[in-house]
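Since the structure of chain A is provided, determine the placement of chain B on it from the hints.
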Amino acid sequence: MKEFRLDENEKITSGFSVPEPYFDDFQSKLTGRLADKETKVRSLFSHKKAWFFAAAAVLIIALCIPILTQNSISSREIDKATLETYLSYNANLSDDDIVELLDEKDLQKIKIDLSIEDKDIEDILSTNANLEEYLIN
Amino acid sequence: MEEKAFIQELLNPKTQNQAFQKLLSEYQRPLYHHIRNIVLNHDDADDVLQNTFVKVFRYLKDFKGESKLFSWMYRIATNEAITFINQKAKRNGMTSEALQSKIVDNLKADDYFDGNEIQLKLQKAIVLLPEKQQLVFKMKYFEEIKYEDMSEILGTSVGALKASYHHAVKKIEKYMTTD
Chain A
1 MKEFRLDENE
11 KITSGFSVPE
21 PYFDDFQSKL
31 TGRLADKETK
41 VRSLFSHKKA
51 WFFAAAAVLI
61 IALCIPILTQ
71 NSISSREIDK
81 ATLETYLSYN
91 ANLSDDDIVE
101 LLDEKDLQKI
111 KIDLSIEDKD
121 IEDILSTNAN
131 LEEYLIN
Chain B
1 MEEKAFIQEL
11 LNPKTQNQAF
21 QKLLSEYQRP
31 LYHHIRNIVL
41 NHDDADDVLQ
51 NTFVKVFRYL
61 KDFKGESKLF
71 SWMYRIATNE
81 AITFINQKAK
91 RNGMTSEALQ
101 SKIVDNLKAD
111 DYFDGNEIQL
121 KLQKAIVLLP
131 EKQQLVFKMK
141 YFEEIKYEDM
151 SEILGTSVGA
161 LKASYHHAVK
171 KIEKYMTTD
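Residue numbers (the numbering used here), protein chains in the order written: chain A, 1 to 137; chain B, 1 to 179.
Calculated from the structure, these hints are not laboratory results. Be a bit skeptical, because a hint or two may be false.
Computed footprint of chain A on chain B, listed as stretches where at least three residues anywhere in the stretch have a Cβ under 8 Å from a Cβ of chain A [claimed, not checked]:
{"#": "1", "region": "42-49"}
{"#": "2", "region": "63-73"}
{"#": "3", "region": "81-87"}
{"#": "4", "region": "106-114"}
{"#": "5", "region": "120-133"}
{"#": "6", "region": "164-174"}
Ideal Cβ positions, reconstructed from N, Cα and C, are used throughout, including at glycine.
Just chain A, with the same shape it has in the complex (with noise of 0.2 Å):
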């Protein structure tokens, strides 16, 4: 079999063709691409005012932060009125539970509030109806 060259044998073109007015339009409709893509460069929603809303919007969440966080703590403390009601009708709490929660100041305190003036002794035992049936018993 004879052994084919490229450089002995007829230049071979391509084949690829082009359709007939192909070049004499290609100019309008280049131009008119160029002149869609400037309109584009015109867009009311840039890239670079993306960002600037994006920026503005990290802003206004990172100075809001101190505000939640203050109103989320205030929030959890229990007012003393609500403590108390909890504790007198839901907490299984006794006596001597209560007594270990409190320091030697606190207890200091608590029998000052309770020292009696004889006098109030005196008007209980009077006044108490039932008292000689203690007594008694």
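Just chain B now, with coordinates in the frame of chain A:
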């Protein structure tokens, strides 16, 4: 006209339109054929040629004049064409080599291919070459671009280009002889 002066005309809003018309009339045909040889299909070549000129127009202000305007435009066209074929292959879930083989296999049915048996056989031989050898062969054999210009376009030494072309020719001749 000196190339620098022509670039200034392209950048000046007053002379821009006329200069761009001149650029188009001079380069649209050779760039089209360069792109067509890579992407193989007319509609794809049309898309890539438009993208190429849009990029040329957009980045002309950044053109430093370190290479010739001709080779800068060819470099853009080559990159656009290769990127296009790779993306098209990816969209179709195949390699770019497989896509090009498929296009060449269907060339007979292409309205804008009127090659004979030899031309078709040559296209089938080319598509079997590695990408770089394909490119060098097409630019040298079909487009008759000088090695020095090709070196500036592809950023490869003249020696390496000559070696690529030599290997490509040997493989093609073997294919054309035996198959």
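A quick look at each hint next to the structure:
1. 42-49: holds (count 3)
2. 63-73: The restraint on the region 63-73 of chain B is violated, since only 0 of its residues have a Cβ under 8 Å from chain A and three are required.
3. 81-87: Result for this restraint: violated, n = 0.
4. 106-114: Three-residue rule met by the region 106-114 of chain B, so holds; n is 4.
5. 120-133: holds (count 3)
6. 164-174: The restraint on the region 164-174 of chain B holds, since 3 of its residues have a Cβ under 8 Å from chain A and three suffice.
Hint violations for this structure: numbers 2, 3, all remaining hints satisfied.
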